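Novice: What follows is the residue order along each chain.
Number of protein chains: 2
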Amino acid sequence: MAPTSLARLSIVAAPLYREELGAHLRDLRHRRGERLADTASRAGVSTQYLSEIERGRKDPSSEIVEAVSVALGTTVGDVAIAVGHRLRDLARAPGTSLRARAFALAA
Amino acid sequence: MAPTSLARLSIVAAPLYREELGAHLRDLRHRRGERLADTASRAGVSTQYLSEIERGRKDPSSEIVEAVSVALGTTVGDVAIAVGHRLRDLARAPGTSLRARAFALAA
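Residue numbers (full-length UniProt numbering), protein chains in the order written: chain A, 1 to 107; chain B, 1 to 107.
Worth flagging that the hints you see were computed from the coordinates, not collected in a lab.
The structure presented is a predicted model; accordingly, all values stated were derived computationally and were not measured.
One-sided and incomplete, this derived list gives chain B residues near chain A with beta-carbon spacing under 8 angstroms:
1) E63
2) D78
3) A80
4) V83
5) G84
6) H85
7) R88
Note that the Cβ used here is the ideal one computed from N, Cα and C, for glycine as well.
Turn these sequences into a full structure, and let the hints guide you.
Specialist: Laid out in structure tokens, this is it:
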């Protein structure tokens with residue numbers, strides 16, 4: 001494996017906070033059976049912006065995370081704990097999800 | 001108590017993520033007995049910027065939180081879990097720390 005590939009794997013092995021935050025918020029929305037527009041409207045953000053947050057493209061401000069969390073019936077504290085556990089689980093299971101992520105990026 | 005005071009108390013009762021993130025990172029740095037410049041240098045950020053993060057003035061990007069967390073010998077996941085518990089504790093104990101915060105703001 002070339003050094004560049006190793007570097008890439010290292011980056012993949014450390015998912016960013018915004019990526020797992022977005023995935024968690026999307027999971028919460030799906031569990032409620034809501035469309036992006038439903039949640040975005042209650043949170044006071046645009047559908048497009050919420051979509052970008054869910055895909056981990058944006059680091060939302062604390063105010064936006066608060067608004068979206070409340071719109072999803074939860075709190076910023078509970079969201080942070082859940083996202084932290086997602087990140088911790090990913091860091092501890094390099095043989096499963098992280099490898100899958102690396103393959104997905106390499107494809 | 002006047003309505004404005006109630007509104008202020010309401011704001012104080014919902015601390016923002018960046019405020020508790022900053023307080024937690026500052027606690028971690030203090031436990032290591034480091035100066036702002038020490039940690040900032042290893043994280044690759046300016047001392048002034050780390051100071052603003054610690055005071056909850058800035059919502060740092062996921063990359064910056066990652067760099068500061070690593071510089072403090074921890075991980076983004078563990079930081080998020082700790083910050084989430086700080087926020088949850090504050091929300092559950094309005095008679096103690098939140099009142100102290102309200103008094104501090106009113107002073």
